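> For the sequence shown, the numbering used here begins at 50 and goes up steadily by one.
Derived from the structure by calculation, the hints contain no laboratory data. Note that this is a predicted model, so its numbers are computed, not measured. Backbone N, C-alpha and C fix where the C-beta goes; we use that ideal spot for every residue, glycine too. Be aware that a few hints might be false.
Within a straight-line C-alpha distance of at most 27 Å, the following computed BS3-like cross-link-like pairs (lysine-lysine) qualify [claimed, not checked]:
(1) K104 - K125
(2) K104 - K155
(3) K219 - K208
(4) K219 - K188
(5) K146 - K208
(6) K208 - K155
(7) K125 - K97
(8) K208 - K188
(9) K146 - K104
(10) K97 - K155
Beta-carbon label-pair distances, calculated as ranges [stated by the list, open to error]:
(11) S76 - V99: 23 to 33 Å
(12) H113 - V201: 14 to 24 Å
(13) H109 - E180: 14 to 24 Å
(14) I100 - P133: 12 to 22 Å
(15) H229 - K181: 20 to 30 Å
(16) R77 - L167: 44 to 54 Å
(17) H109 - R173: 41 to 51 Å
(18) R173 - I215: 18 to 28 Å
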Amino acid sequence: MNSIPSQVDYGLFADDTAIFTSSNTTSRVRDRLQESIDQFVQWCHSWKLVIQPTKTELIHFSPHPRKKYSNPIHLKVSNIDIRPQTSARYLGIIFDKQLRWQEHVKHIETRIQSRINLLRFLNRITPESNEKIMLNIYKSLIRPILTYGSSVLLNAEDKIWNRLQIAQNKSIRAALNIPHFVSTTYIHQITNIPYIRSY
50 MNSIPSQVDY
60 GLFADDTAIF
70 TSSNTTSRVR
80 DRLQESIDQF
90 VQWCHSWKLV
100 IQPTKTELIH
110 FSPHPRKKYS
120 NPIHLKVSNI
130 DIRPQTSARY
140 LGIIFDKQLR
150 WQEHVKHIET
160 RIQSRINLLR
170 FLNRITPESN
180 EKIMLNIYKS
190 LIRPILTYGS
200 SVLLNAEDKI
210 WNRLQIAQNK
220 SIRAALNIPH
230 FVSTTYIHQI
240 TNIPYIRSY
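Could you build the full structure based on these sequences and the hints that come with them?
Below you can see the structure in the form of structure tokens.
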């Protein structure tokens, strides 16, 4: 990995790898990344590791996602074309081209829905369920999903944080069987659970 160009950064975690760079021209970005990929493939071969091109994703972050570039970025991994995607997943976080985080939050909302349904089901079959136990279930099954990787959202728009907060509100209501007319402020006070943005 030491042979990767100095203008290129990379991240390694278990079997997930990200290679990234920036420049004011797409041709320079393409050349740097292709050289880095070739070096990385050689490094993997030397360690008897196999890269799966079908699981390799390319994303071009740009403030102008609809702009038609004269030199679009196309790369190859082991002679297989890797074309730009509108989003890419790395370490469980979905990155979109403009870092708007809409797709990432939608994935979170979809993922926790079955767990919210579980909380509602538990409340139906055990009407006298212990509030502390139900909150612990929420904290174990849902809260980690809502807060995972939240540091990358620090500069996200308010509407992204609002969607995450709504998801938490819905989860706590399901856990404690609290009706919708009860204010979220009161809910957070009685449960001593911080707001998502304050976590």
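> If a hint holds in the structure, say so; if it does not, say that too.
Here's how the hints hold up against the structure:
Of the pairs offered as hints, the one joining K104 and K125 holds, with about 13 Å between alpha carbons and a cut-off of 27 Å not exceeded. Only pairs whose Cα atoms come within 27 Å are accepted, and K104 paired with K155 is accepted, the gap being roughly 22 Å. Straight-line distance between C-alpha atoms of K219 and K208 comes to about 16 Å, which keeps the hinted pair within the 27 Å bound. With a C-alpha separation of about 13 Å, the suggested pair K219 and K188 falls inside the 27 Å cut-off, and the hint holds.
Proximity of K146 to K208 is assessed by CA-CA distance (about 18 Å); at most 27 Å being required, the pair is judged to hold. Restraint check for K208 and K155: the C-alpha separation of about 12 Å stays at or below 27 Å, so the hint holds. As the CA atoms of K125 and K97 are separated by approximately 20 Å, the hinted pair is consistent with the 27 Å bound. A C-alpha spacing of about 23 Å is found between K208 and K188, which places the hinted pair at or below 27 Å, so the restraint holds.
In summary, the hint linking K146 to K104 is supported, as the alpha carbons are separated by about 18 Å, within the 27 Å threshold. The hinted pair formed by K97 and K155 fails the criterion: a straight-line CA distance of about 38 Å is larger than 27 Å. Between S76 and V99 the CB atoms are about 30 Å apart, so this pair conforms to the stated range of 23 to 33 Å. One distance hint, 14 to 24 Å for the beta-carbon pair H113 and V201, holds here, with the actual separation near 22 Å.
Take H109 and E180: their Cβ atoms lie about 48 Å apart, and the range 14 to 24 Å is violated. In this structure the hint that I100 and P133 lie 12 to 22 Å apart at CB holds, the actual value being about 18 Å. H229 and K181 have their C-beta atoms about 23 Å apart, which keeps the hinted 20 to 30 Å range intact. For the hinted restraint 44 to 54 Å between R77 and L167, the CB-CB distance of approximately 50 Å keeps it satisfied.
Our hint of 41 to 51 Å for H109 and R173 holds, since their Cβ atoms are close to 48 Å apart. The supplied range of 18 to 28 Å is met by R173 and I215, whose beta-carbon atoms lie about 23 Å from each other.
When each numbered hint is compared with the structure, violations occur for hints 10, 13.
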